[in-house]
Amino acid sequence: MEELYSTYCIRRSSLYRFVGKYDLMYSYARLAEKYAEKYQNKKDLEDSYLLMGVYMSKNKNYAKTLEYNFKILKLNNKNYQRSKIALDYNNISYVYVIMKDYPKALLYSDSAYVFYNDADLMYKDYLSESRYKAFEGLGNTDSAYHYFKQYHDNVQALTAKEEKLKIKKLENQYQSDKREDTIKDKDNQMILIGSLLAVIAIATILLFGKNRQINHRNKIINQQLGELTQLLKQKQFLLSELQHRVKNNLQHVISILEIQKESADFNNIEELIRGNQNRIHSMALLHKKLNVSDNVNDVDFTRYITELSEIVKESYDNHQKKINLNINCDIETITIEKALPIGFILVELISNSMKHAFKNRNIGIINIEITEGKNGQKNKFYYSDNGNGFDFNQKNEKGLGLEITKGLIDQIDGIVETKTDNGFELIIYFK
1 MEELYSTYCI RRSSLYRFVG KYDLMYSYAR LAEKYAEKYQ NKKDLEDSYL
51 LMGVYMSKNK NYAKTLEYNF KILKLNNKNY QRSKIALDYN NISYVYVIMK
101 DYPKALLYSD SAYVFYNDAD LMYKDYLSES RYKAFEGLGN TDSAYHYFKQ
151 YHDNVQALTA KEEKLKIKKL ENQYQSDKRE DTIKDKDNQM ILIGSLLAVI
201 AIATILLFGK NRQINHRNKI INQQLGELTQ LLKQKQFLLS ELQHRVKNNL
251 QHVISILEIQ KESADFNNIE ELIRGNQNRI HSMALLHKKL NVSDNVNDVD
301 FTRYITELSE IVKESYDNHQ KKINLNINCD IETITIEKAL PIGFILVELI
351 SNSMKHAFKN RNIGIINIEI TEGKNGQKNK FYYSDNGNGF DFNQKNEKGL
401 GLEITKGLID QIDGIVETKT DNGFELIIYF K
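Letter by letter, the sequence shown follows residues 1 to 431 of UniProt numbering.
Don't read these hints as lab results, they were simulated from the structure. You can take every hint at face value.
Simulated crosslink set (DSS-like; lysine-lysine; CA at most 25 Å straight-line):
#	residue 1	residue 2
1	Lys43	Lys71
2	Lys406	Lys395
3	Lys78	Lys104
4	Lys78	Lys42
Let the sequences and hints guide you as you build the complete structure.
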């Protein structure tokens, strides 16, 4: 915050200049100079020189006034700001006019006039004023008159410009007030019309009140009867659809069991049972997360992924190793057609990590992140563990888990990326 202190001091100094407390103005300007030099704040440094120059001029110490003006000129020469350089030369010229050193005043006025055309209108009258006073002091009345006329024209032009701006401001204010009055008149008219309509409406209600009450009650009864009929049809449809989903999903598991039956032996029978338990858990969870009250197609995907991952991990976890499961899913709901294969993919990946990835280590991390594609892009399924790693694309003759996973990925039209540099990473892009 100390680097901003010079700006604070400049503002305090300017305030004291405005209220005529010049000693305080000078004190804060000196503080501003100190901190502006320390933190290379050129704008505040320039302003501190200007304020201290004003103070010295008020106290008729014109030598110090010139010193500060030359410092300002040096700063602006580095940045070559033409309009500022013109004003700096003119300020020096004006101090020399006050000191009655008219040759030097004219010399610096010449330098200022090099940039006359670049100066703003509000500064051109300053340049002309110093110049005509310098010529006047030298006794050159023709030149003094010429630049006095120029000074007078600049003042007149500036005054005209300011008057034009004031007139434009007044016109804009008038138009604004006129629009507000028009809006108020329209509002008053709308209130009047609304009041008349309200009176008519109340009179109509009172006239036909009894008849409307009877019609309203009949309408409510008919509406409730229709809603009950519609609800009954909806529930029957949802029950039928749910039974169809269960049948299809059970057929999916039966197909997997038929495939695994061909490669099963007594050594891996426990693992087959556990794997199929997890697949059935996946189905059970999926139907649990269905929003049956509205439809049977949307799944609470975030909770489904989280709970399923925990169930599969716990089925393999002997608690002798510390395996951390990090899950992040920003897709709130998804169709059951997508959720089921993704759930099965997750079962196979977590099972594989828990069985093989952490054989030679006591601590492991499994990361699961599912992000929703934006602006037409595909959704992203990211899975990784920091275990031993393996080649996902290599065909495994003994186990069918990865082959099942690849088939499920094809089912959701997934595009796969995989890495084995640091453990195992798998990315699936799907719609």
